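Novice: Chain order of the listed sequences is A and B. So that you can map any letter, position 48 of the first sequence is 47 in numbering that gives the first Met the number 0, and since no number is skipped, the others follow by simple counting. So that you can map any letter, position 7 of the second sequence is 6 in numbering that gives the first Met the number 0, and since no number is skipped, the others follow by simple counting.
Warning: the hint list may mix true and false statements.
[Stated by the list, open to error] One-sided and incomplete, this derived list gives chain B residues near chain A with beta-carbon spacing under 7 Å:
#1 L57
#2 L78
#3 I80
#4 P86
#5 F93
[Claimed, not checked] Calculated pairs, EDC-like style, for lysine to aspartate or glutamate (alpha carbon to alpha carbon, straight line, at most 20 Å):
#6 A/K220 to B/E34
#7 A/K148 to B/E39
#8 A/K220 to A/E55
#9 B/K64 to A/D116
#10 A/K64 to A/D51
Because the hints were derived from the structure by calculation, they are not lab data. Given the structure is predicted, the values throughout are model-derived calculations rather than measurements. Note that CB positions come from ideal geometry on N, CA and C, so glycine has one too.
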Amino acid sequence: MGSFEQKDPGPIGALATTVGGVMYMHSFQGGATLLSLGLIFILYTMFVWWRDVLRESTLEGHHTKVVQLGPRYGFILFIVSEVMFLFALFRASSHSSLAPTVEIGGIWPPKGIAVLDPREIPFLNTLIPLSSGAAVTWAHHAILAGKEKRAVYALVATVSLALVFTAFQGMEYYQAPSTISDIIYGSTFFLATGFHGFHVIIGTLFSIVCGIRQYLGHLTKEHHVGFEAAAWYWHFVDVVRLFPFVSIYWWGGI
Amino acid sequence: MASAIVRSTLRTALRGGARVNPASTRSFSAGASAEEEAREAAKWEKITYVGIVACTILAAVNLSKGHPHFEEPPAYPYLHIRNKEFPWGPDGLFEVKEHH
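In isolation and in its complexed conformation, chain B is listed as follows (with noise of 0.2 Å):
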């Protein structure tokens, strides 16, 4: 019985929301009219823009600590592994070999 009621859902979700009863119980269903997703849309727009905000301040914060440092461990036989070499070189792809 279960299984019947999601294999409905999920036929009716992958139609694309194809109206089965007026009252739609279910939850991830497209808005009815063009006000209600003129009004979602609007939602959504004003979520993204809180979203921008935070992401530039944090970005802005990020970007001003500048390059952190990290001690040079130990040469344990387990770091750095180079069994062969790259075809390209001997450093990665992104390693940056310290100068100062």
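Chain A extracted, bound-state conformation (with noise of 0.2 Å):
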């Protein structure tokens, strides 16, 4: 009775990666190590959390449709969330964008700001989250057809696009003209640009897990709340990506 696991090692983790993060960024001794264990302990939270749901449900059975609604609403929730949260990014960014200050010139981009073409790699890593949305919509209607080596294939194709875009994203920000510390245009750009990526990182995970799990026969076509829940997320993801690409990318730098 009372093994460590059954008890909830989250708050740790939480604490260990906040207070470790502050420590690293104003440069304490074993700030570095603190943070990176706090990390390690959340992702282990993470780990065991999510093999109970998945015992609980697709192994022992529990997740009767009353019992989905909780995930599904839940997760309706938390997007909705997230869309608030890049919204205020988004809101920074056309704040400082529509009204440029004198300070730097008056105009945007600022003055001495050179800007990425939109039409090179930013286009194309818009495309590349379009196609990798299609991908999913195709295991999605696989799943539903029963079609279940198909459906590992889709999400195959998924998680190749999904990397192919974080690769070239990375290029980008080497080749980057601008860094974060380039006055209220690199803040913001990166700002919404990065955590855009970080969300895409996340939604990757979530989609090899769906593979993995499609790939281990979890998933049925009348029961696949995990599939979906990964699957909205990564509509929004891809539909997120269409905003910094128009308002960012193409409009911030005429």
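Please assemble the complex out of the two chains, which come individually in their own frames, going by the hints.
Specialist: Have a look at this one:
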């Protein structure tokens, strides 16, 4: 009774990450170590939590239609909260770009800032998530049609496109003429695209898990809440990508 | 009245598309049979391939262009702000110093 795994390890990971993070950014000794330990702890907590969810649902069959409503509603609300967060970041960008102050030359982009050509990598990196969204839709219909092997291929396509996106985004960051420290343009650009990229990585991991579960036969055509959550998240990430492309890359560079 | 329709649509969508009436009027509903689902899956598979081909062509075009060169801007005080040094050193995370 009372083994360590039955107690909730979450708060320790959260505390270690936040305290370690602050220590690291202020160059205190041991900050980096504490931060790393905290992050590892959080990942461990996530792993055991979701392992238990899968045990209760797929293996023990506790997730009736009514029980499934909980994760469904919950995940939709989570996505709504993410929309709020990203809305704030894009609002910050608009706030500064629609009425540029005199200190940066009264123009947008500010004087001295060179911008990337939106027709190059940014356009490609908008087409890739759209194709990946088509792939996840393919996967969903394949699962509903009972075509289990095709669904695995579809998820492999989804994840591969996502990984290519992340690689190109990294390349774009290295080639970018401005950095996050380059006045409000750099701040808003890198925060908005950076957090979007972070969400892409999370969505990619979620899709990889779905691909593995589909391969193992966890998902049936009537019951695949985890996959639906991943697909909703993926479409959300995809739609969000359109906003920085139009407002920051395209309009913001004119 | 409208909100009741919205609520019941949301509820049915959340329940995974339970059948309310045979002639489904919800535009986002799942197909009613396995053959329809298979056709939808095949359609999206083709769309995915078109997307992959388009992305591959664009990727090849982009990669062949090489590293873009930007002029060094004048040292405005609002560029390259370093009020406090980063914990990992003087450079930004993605900052590369040009060697040529």
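Novice: Under the constraints set out in the numbered hints, which ones does this structure not fulfil?
Specialist: When the structure is compared with the hints, none of them turns out to be violated.
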